[in-house]
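Undergrad: Each chain is listed here by its residues.
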Amino acid sequence: MSTTTGTRVRTQTSFSLWANRHRKWVLAAPAMVFVALLIAFPLGWTLYLSLTDASGSIRAPHDFIGLENYFDVLSDTDRFWPAVGRTAFFTVGAMVVEMILGMLIALLLWRPFRGQGLVRIIILLPLVATPVAVGMMWRLIFEPTIGFANQFLSWFGIPAQPWLAGEATALPTLMFVDIWQWTPMVVLILLAGLTSLSDEPDEAARVDGANAWQRFWHVTFPLVMPTFITAVLLRGIDALKTFDILYATKGKGGGSFHEVETLNVYAYGLSFDYQKYGESSTVLVIFFLMIIGCIWLLTIRRKKSSL
Amino acid sequence: MKHRSIKVVTAAVAVTVLTGGLLAGCTTAEGEEGGKQTLRVTLANHVWTDIVKDKISDFEADHEGVTVEVTQLGEDQLSDQYNVKLNAGTDEIDVMMYRPLQEGKLFAQNGYLADLSDYVTRDAAWDWNDFQEGPVEATTYEGSVVGVPIITEQQVLYYRTDVLEKLGIAVPKTLDELEAAAKQIKEQGEIAGYVGRTGVSAAVTQWSSFLFSEGGDFANKDYTKATLDTPAAKEAYELYGRLIGQYGPANVSTDMSWPDAAALFAQGQVAFYSDASSLYQNLALEENSTVWDKVGYAPFPAGPAGSVPYNVPSWALGINNDSNKKDLAFDFVEWLTSPELTLEVQEAGVPAARTSVWDNPAGTASFPPQLAEAIAIGAKTGVGYDRPRVISVAEAREIVGAPIVVAITGGDVDAAIKKAQADFQAFLDDEND
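Read top to bottom, the protein sequences are chains A and B. Just remember that my numbering sits 583 ahead of the position in the first sequence, which is counted from 1. Just remember that my numbering sits 122 ahead of the position in the second sequence, which is counted from 1.
Calculated directly from the structure, the hints in this document are not laboratory data. Just to be clear, a hint being listed does not mean it is correct.
Result set (SDA-like, lysine to any residue): computed pairs, CA atoms no more than 25 angstroms apart in a straight line [as the list claims (entries may be wrong)]:
id, chain 1, residue 1, chain 2, residue 2
1, B, Lys207, A, Leu650
2, B, Lys347, A, Cys877
3, A, Lys859, A, Leu650
4, A, Lys859, B, Gly211
5, B, Lys227, A, Gly834
6, B, Lys540, A, Ser658
7, B, Lys540, A, Ala751
8, B, Lys207, A, Leu723
9, A, Lys859, B, Gln391
10, B, Lys541, A, Ala775
11, B, Lys540, A, Phe840
12, A, Lys859, B, Gln547
13, B, Lys207, A, Leu620
14, A, Lys886, A, Ile683
15, B, Lys158, B, Gly196
16, B, Lys541, A, Leu657
17, A, Lys886, A, Ile812
18, A, Lys859, B, Thr212
19, B, Lys541, A, Thr660
20, B, Lys305, B, Gln391
21, A, Lys824, B, Gln203
22, A, Lys859, B, Ser201
23, B, Lys343, A, Gly639
24, A, Lys859, B, Glu197
25, B, Lys448, A, Ile812
26, A, Lys859, B, Gln224
27, B, Lys207, A, Ala831
28, B, Lys347, B, Glu553
29, A, Lys859, B, Gly196
Simulated coverage check for chain A against chain B, where a stretch passes if three residues somewhere in it have a Cβ under 8 angstroms from a Cβ of chain B [stated by the list, open to error]:
id, segment
30, 629-641
31, 722-734
32, 737-747
33, 827-841
34, 856-867
Restraint ranges, calculated between C-beta atoms of paired labels, are given here [claimed, not checked]:
id, chain 1, residue 1, chain 2, residue 2, range
35, A, Ile741, B, Pro483, 39 to 45 angstroms
36, A, Val702, B, Ala302, 54 to 60 angstroms
37, B, Glu299, A, Trp738, 37 to 43 angstroms
For glycine and all other residues, C-beta sits at the position ideal for the given N, C-alpha and C.
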């Protein structure tokens with residue numbers, strides 16, 4: 584009797600000792616397991632589907648076909664590679680303009696001035712709008728026959744433009760919408776970086792006779808570089824994933840000529856329109872690897888710049 | 123020791139609460155409780171839905187303990203919902219509004235739609251034989267009834283009475299006359315001649331009547347050979363392209379579905395617009411249109427093969443095969459499609475699939491007389507489909523529609539047709555495999 588009690592006490596003691604020693608893991612474990620499942624399961628399932636010929640219904644029997652989907656997708660010059668090109672063009676184009684504009688606006692807002700609060704609120708307004716609502720709004724504005732954009736141009740005698748309706752103009756128009764909406768976020772991040780900077784290096788450069796450009800290029804910009812890279816990383820990943828405004832303005836397939844079909848829109852169409860789940864998963868896996876590659880490159884760059 | 127125990131207990135409670143919370147989040151909602159039942163119905167945004175939704179309380183009053191929960195979505199969102207939920211084998215949808223010609227074959231093949239063959243014959247008074255033959259064929263899969271058709275559509279020609287009168291143009295009876303009239307109006311420079319859907323996928327259904335009237339079709343009878351490169355199909359592609367590309371609005375968008383095209387007509391920008399008869403309220407009601415009192419209706423103009431518009435069931439009601447309330451679900455479908463409610467719906471302007479409501483003068487009284495006549499002619503001469511009759515309709519529509527967009531934008535139509543023919547043939551070979 585006393586032996587059993589003694590064993591139980593010993594077991595309890597050893598368990599409580601173990602739990603106490605690892606309490607940060609014990610407390611965090613449920614959330615970590617949940618997050619791991621949330622990421623690992625869809626990823627694993629997508630990877631599995633990409634190796635099958637699943638189509639029609641996901642519940643229908645399907646065969647394991649190895650890397651056939653990967654060969655098919657990577658040799659598809661009709662839809663896949665143009666979609667990769669558009670994704671890269673949209674991401675890089677929008678991001679570069681957003682970073683330059685964002686830096687300019689952040690520099691303007693950096694030093695205190697009258698009405699600063701109001702200007703900041705106005706600049707941040709596009710950021711709080713829902714992307715789908717933004718897409719619908721710009722779609723109406725850019726309607727070639729009855730939209731406001733062409734009406735506006737006509738006041739200055741400029742001929743009407745096709746905007747979203749044109750095969751060549753649709754993607755640049757959508758990049759403009761993306762820039763309109765997301766530059767404020769870049770401003771916000773860079774402004775946080777700028778306000779945390781000490782005034783001393785700038786003042787020292789001023790005393791040494793450096794002009795405004797020299798002070799920005801040789802002093803401020805290198806100092807704010809870690810924040811800048813963070814903004815590039817965040818905005819780049821976001822732009823890469825853009826789906827809502829493309830879908831809201833051009834619908835499935837990214838327009839009649841697939842003129843705004845990025846990898847996201849293509850994968851969505853394969854899955855929801857064509858019910859080709861195997862092929863769609865393959866596109867997503869390749870896209871995922873591309874994103875990982877981009878993040879890896881940017882992280883290396885950030886580490887180098889912070890050294 | 124005591125201090126340690128408190129820590130352990132705290133940790134254990136935290137783990138239990140967090141894990142419990144997660145598990146609670148994973149449990150499914152109960153549909154039934156104490157004899158009460160919830161019938162989950164998914165409907166599309168349509169005039170039909172707006173009319174019947176207001177009457178659902180009558181069904182609930184007749185069925186004690188039953189609550190009908192309606193989810194209403196746009197066409198594309200509805201398809202996406204079905205794609206996700208039915209793929210996962212959900213029983214959270216009982217009654218579903220679907221497009222027999224767009225997704226009927228796919229859903230039936232995937233086993234999403236319950237077999238209603240025994241249900242439709244159980245009540246002679248409800249009268250399954252009253253439903254039109256074409257629509258019934260479209261809701262039947264491999265000999266089993268999988269849906270009850272609710273709305274039918276025929277392609278008709280809408281025109282501006284004032285413009286035709288001013289320019290002394292007669293209402294076009296043939297496609298040649300339509301083209302000549304559209305050209306003349308465009309050349310006047312005030313408004314555009316013709317508009318229709320232009321989106322690669324959306325345009326296919328409205329182009330189909332041009333194809334049929336020119337004497338063509340998407341494929342041969344058993345769908346083993348694509349027929350998009352026949353002279354008839356080529357003429358249909360080119361004519362549709364000329365009508366919109368040359369005589370349509372300037373800078374016309376190539377993404378237009380019916381809301382965009384109808385809006386151009388309703389805002390007085392074009393003289394002719396051809397689309398489904400069921401859309402007439404978007405043009406002819408004062409709150410929707412600036413030209414509501416100047417809208418004329420005509421049967422689809424005749425081509426070399428005559429006037430052959432589509433005459434199709436655009437929507438039907440089906441029951442989810444995984445629903446565990448199939449009997450109640452069919453009671454609801456039966457109630458929604460009863461002769462009385464169908465008549466009421468048609469009186470409100472939605473063309474129905476029951477023969478009796480078309481034979482009843484009250485059923486056609488609310489339609490503009492010209493439109494009723496155009497529908498009657500279309501129903502007689504039309505064909506029962508407006509898109510390729512395949513399983514993966516969305517993909518087929520994109521292939522068939524590609525030359526339409528090229529024709530509208532003035533590109534190389536011959537090359538586009540050649541590519542579409544080859545792609546569609548490969549698609550058919552793949553599907554027939």
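Undergrad: Checking one constraint from the list: CA of B/Lys207 to CA of A/Ala831, max 25 angstroms. Satisfied?
TA: holds, 22 angstroms
Undergrad: Is the gap between the beta carbons of B/Glu299 and A/Trp738 within 37 to 43 angstroms?
TA: holds, 39 angstroms
Undergrad: With a cut-off of 25 angstroms on the C-alpha distance, tell me whether B/Lys540 and A/Phe840 pass.
TA: Between B/Lys540 and A/Phe840 the Cα gap is close to 16 angstroms, so the pair holds against 25 angstroms.
Undergrad: Straight-line Cα separation of B/Lys540 and A/Ala751 no greater than 25 angstroms?
TA: holds, 24 angstroms
Undergrad: Hinted pair, alpha-carbon criterion (25 angstroms max): A/Lys859, B/Gly196. Please report holds or violated.
TA: holds, 23 angstroms
Undergrad: Starting from B/Lys540, check that the Cα of A/Ser658 is at most 25 angstroms away, please.
TA: Status holds; Cα separation ~22 angstroms.
Undergrad: Between the segment 722-734 of chain A and chain B, see if three or more residues pass the 8 angstroms beta-carbon test, and mark the coverage as holds or violated.
TA: Contact hint for the segment 722-734 of chain A vs chain B: holds, 5 residues under 8 angstroms.
Undergrad: Please verify whether B/Lys207 and A/Leu620 have alpha carbons no more than 25 angstroms apart.
TA: holds, 21 angstroms
Undergrad: Starting from the range 54 to 60 angstroms, see whether the pair A/Val702 and B/Ala302 falls in it by beta-carbon distance.
TA: holds, 59 angstroms
Undergrad: Does A/Lys859 pair with A/Leu650 here, judged by a C-alpha cut-off of 25 angstroms?
TA: holds, 15 angstroms
Undergrad: With the threshold set at 25 angstroms, check whether the alpha-carbon distance from A/Lys886 to A/Ile683 stays at or below it.
TA: holds, 22 angstroms
Undergrad: Given the hinted pair A/Lys859 and B/Gln547, is their alpha-carbon gap at most 25 angstroms?
TA: Given that 25 angstroms is the threshold and the Cα spacing comes to 19 angstroms, the pair holds.
Checked against the numbered hints given earlier, the structure breaks hints 1, 2, 8, 9, 10, 15, 25 and 35 and satisfies all the rest.
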